[in-house]
Amino acid sequence: MPAQKIKPWRGYPSANVVHAMRVHVNMASPSPSLGQVALTAGTRFHIGTLPAGAFVLPASKHVLVAFNGTTPTVDVGTETVPGAFVPSAAIAPGAVAFAGGLSGPNHGFQASETPVYIVLGGTGITAGEVDVVLPFYISKD
Amino acid sequence: MTALLYSKRPARQYPNMQAVHAIRAHYKPAAGPGSAPIVPMTLNKQVHIGTIPAGAMILASQLQVISAFTPTGYKLSVGTPSNPTLFANVVSLDAAGITPGTTGLGYVPDETPVVATLSGGLGSPATGEADVLLTFYWNKD
Numbered sequence: 000m001p002a003q004k005i006k007p008w009r010g011y012p013s014a015n016v017v018h019a020m021r022v023h024v025n026m027a028s029p030s031p032s033l034g035q036v037a038l039t040a041g042t043r044f045h046i047g048t049l050p051a052g053a054f055v056l057p058a059s060k061h062v063l064v065a066f067n068g069t070t071p072t073v074d075v076g077t078e079t080v081p082g083a084f085v086p087s088a089a090i091a092p093g094a095v096a097f098a099g100g101l102s103g104p105n106h107g108f109q110a111s112e113t114p115v116y117i118v119l120g121g122t123g124i125t126a127g128e129v130d131v132v133l134p135f136y137i138s139k140d
Numbered sequence: 000m001t002a003l004l005y006s007k008r009p010a011r012q013y014p015n016m017q018a019v020h021a022i023r024a025h026y027k028p029a030a031g032p033g034s035a036p037i038v039p040m041t042l043n044k045q046v047h048i049g050t051i052p053a054g055a056m057i058l059a060s061q062l063q064v065i066s067a068f069t070p071t072g073y074k075l076s077v078g079t080p081s082n083p084t085l086f087a088n089v090v091s092l093d094a095a096g097i098t099p100g101t102t103g104l105g106y107v108p109d110e111t112p113v114v115a116t117l118s119g120g121l122g123s124p125a126t127g128e129a130d131v132l133l134t135f136y137w138n139k140d
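As you go down the protein sequences, you meet chains A and B in turn. For the first sequence, numbering that gives the first Met the number 0 begins at 0 and goes up steadily by one. For the second sequence, numbering that gives the first Met the number 0 begins at 0 and goes up steadily by one.
Chain B extracted, bound-state conformation:
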């Protein structure tokens, strides 16, 4: 299993509001860290991008390659620490496009950290831009 690169972030929600919440990660290697929501990533290291609270219902997920990564060969996965490809399974970053998630959606009984993992290629990509978004609803109404 790959190592977790950053400490866990707690879920941040507004408890008594009927709002759809989301987790998002925006990865642009050329931009570097420090400019949210730009997420720094290291090859084969899990990056924690957010936490889905216990009892939430995951509504949708998607991974968008906004601009193709160079050099080619890089992949991005999104999932949990124990199942790091649950929401996005080694999606190629070689071409722009949107990949909707089809697995891992629905009710989650336990608090669920979400991680993104860059794989393939060597070292760090030079250019490219990708965005990951998971939406969920957690109120019990």
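This is chain A alone, in the form it adopts within the complex:
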């Protein structure tokens, strides 16, 4: 399988705006036109890239359809730390719910450019839908 292309970050460097990246997972019937993806367990999906110097803010998640299968997990993080920004315990993919103010061990300042991934764990997962937004601020003001 070809390596997934790394998306560069798309921002406006000189504005006091909060930036973000987002992923919408729909395991049963993903709609590409709506930006939805279905994940393969154990295979990382690249969401976006944090520029060097960014400050990662608390995230939000909305589980629209509970994930089925055996022990489903959904982590948002880096290549080496899958739950670095939003660990599965915070996403809680087994129950429909919205929650904000979520964080992981790597929140805050990013010293270097950081690709962000989402990864699915578990087996036999055929249904489940979740939307995750990870905000960050890049200006040095």
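Among these hints, one or two may not hold up.
Listed next, the in silico DSS-like pairs over lysine-lysine satisfying Cα-Cα at most 27 angstroms (straight line) [what the hints assert, rightly or not]:
1. K6/A - K139/A
2. K139/B - K6/A
3. K27/B - K44/B
4. K139/A - K139/B
5. K27/B - K74/B
6. K74/B - K44/B
Simulated from the structure, these hints should not be mistaken for laboratory data.
Position chain B relative to chain A; hints supplied.
Same frame as chain A, but now just chain B:
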């Protein structure tokens, strides 16, 4: 259902930028219309304050009473035309304070107009100041 006081405003967003967007309304009866973001309001009339585009994720909402309204008894609600208390449910304007929204957050599949409604009291308040802010992210990344 109360009448819509002003015509709908379309969503205004910058399509290819990873920015958190927001809708805001600032209500100060003594100031009157014409000085954005001051919003003129009429008792029991829905005022359209902005539109959340289809597919967006609403991250947070809050209503701040910056200075208490006089005479007392006025309330402010924020929601949609069909559910006008979805984001803020008849919040009293009698005392200064911030009320964070806990309902209506998360993924919205359809374009969603947001309205604010002043209720309670008689006629128009003499003094007071309030601010409403809803943040959302709409890119699919």
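> Looking back at the numbered hints, which does the structure fail to meet, lowest number first?
Replying inline: No hint contradicted; all consistent.
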